[in-house]
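Keeping their order, the protein sequence lines are chains A and B.
Once you know that position 104 of the first sequence is 104 in this note's numbering, the rest is easy, because the numbers rise by one and skip nothing.
Take the position in the second sequence, starting the count at 1, then add 389; the result is the number in this note's numbering.
Don't take every hint at face value.
Selected chain A positions facing chain B (Cβ under 7 Å, derived; list incomplete) [as the list claims (entries may be wrong)]:
id, residue
1, Ile79
2, Leu125
3, Trp143
These are calculated hints, taken from the structure and not from any lab test.
Where is the CB? At the ideal position from N, CA and C, for every residue including glycine.
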Amino acid sequence: MDLTILTVKGLIILVIFGITLLIATYSTYAERKVAAFLQDRIGPNRAGPWGLLQPIADAGKMFFKEDFIPSQASKWLFILGPCLAMLTALMSSAVIPFSDSIRFAWDKVNYDVPVQGIEINIGVLYIFGVVSLGVYGIMVGGWASNNKFSLLGAIRAASQNISYEIALGLSLITILMMTGSLSLRAIIDEQATFFEWNIFTQPLGFVIFLTCAFAECNRTPFDLPECETELVGGYHTEYSSMKLGFYLFAEYINMFVSSAFISALYFGGFHYPFMSLVNEALENSLGAITGHNIATLICFVVFFAKIFFFIFFFMWVRWTLPRFRYDQLMNLGWKTFIPLSILNVVITGAGLLYDFKYATWLIAIVMVVLAVTSTSRAPKRETIAQGTV
Amino acid sequence: MTETLDFFKTLTPTGYLFLALTAITLFCAIGVVTARNPIYSVLALIATFFCLSGHYVLLNAQFLAAVNIIVYAGAIMVLFLFTIMFLNLRKEDEESKTNLTKMASVIVGGLLMVMLITIFRAKSAQIPTVNQMSFDSKTGLVENLGRLLYNDYILPFELASVLFLVAMVGAVMLGKREAGDRHF
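Take the sequences, apply the hints, and build the full model.
Here it is, written out as structure tokens:
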């Protein structure tokens, strides 16, 4: 790898880093706007036009607040907690392919650099490893606070993340089986045609993965680590100032990364219908270099549109569903998702054996039929209410 | 003195990386045994696992590095930390280590060190060096590892999975509360 490629890679990494932080900042604004929309309010509209400067005002407030460390807390671990949370959140976007590749000529040599932090053949495992480390920030911070509520929040976060990681991994395995590679770019390239997007071939895996991603990000309905009715503020009860800000920020970065990951794994990444036709037309009319770069830009925009949709979906769910009870959360993870994802693996394997990609629809159809029959046979709510009254 | 300087001059960037990583690994590993607080001990152990993964990457075994992080740092150490946090070891209750146990550990550790040094210095046990002819830099990558596991070592691999299943069922059986057991 020579110096030019290294420089371009460095620039790409910096741009991705900047975009990640920008999106995380404006996710806080979007969250409040979406909440306002769903609850028929107006939301932030005072700082700047349409309240667009609200996140900056929030950050300024966070920075100028008193940074308080409890006297009985273990000081260095108390500081380490938010650092770890931010670190693990920012690490995971390194292997996500955001677009095709940039072509340019420099010193009479043609270069073709993929828009991706680093292309390794264990991309999925890398993300999985970083996700499994995400819980350390919460655990260390919660323990170091020397507060029983914080400790309970931290322990809840740990057990929840461990439980849902298993189902997450098992639902990923089906995709790995279909692609035969651990590289994210290979997985995306496999989904070049629209009806081979993994959402169509792996509907059940997608539902499991999406739910587990919610649990891993500690978002409602799985935000038990910071359940304020039971635990005051959860693991960040004792935190103030920008340390608290970093915890909240890390949550939004995690949301962005999981949205990117979901769109890359199940929604074809930067692919869109008729993409090859568009690319060909652009390269024919504008030349191999400019045309290709413009096509790459379009891919980039398409990928981010998918990501924004999923970020919106995260917020939509947060302001729609109530929180789970803790035993419901554990039952859902261990008794529903793990057996279902194992069944999914088995059916996908059988489908691959007979060269039929859409085999897992079988489970989805059976589940829908079961759900419909059980709801139609269940006692009606009105009759019970009348009977008791 | 000049010899050590010359040694450092011959090193490649990878060599420097290896030396730095080794120094951090040893530092963290010493931290595991010297830390008074078990939480610090566990955190140092996690750092040690990270350094070991770095060594795997230097050996071009990326798959092993990732799995080491996922399994040890990501799952097992979280459970360790989880358990230790429940123990409430906040008060500096120094465990009563008698002089006898201290003596015994010094003797055992010293003997182990002597043995390791003897092994390394033994003329008969020369450490094999890299054979440039048969060296394949892609040995540790996931494709080759998978091919090896599912072709040559399929029986041990499957047996190990059965063993894991048995261990899992056993753990569930031990942890299960039977009718009439005490509620805690």
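>> Restraint: tryptophan 143 (chain A) near chain B, CB-CB cut 7 Å. Satisfied or not?
In response: holds, 5 Å
>> Does isoleucine 79 (chain A) hold up as a contact with chain B if the rule is Cβ-Cβ below 7 Å?
In response: violated, 13 Å
>> Tell me if the interface restraint on leucine 125 (chain A) is satisfied: Cβ within less than 7 Å of some Cβ in chain B.
In response: Cβ of leucine 125 (chain A) sits 4 Å from chain B, so the hint holds.
Hint 1 alone, counting from the list given before, is not met by this structure.
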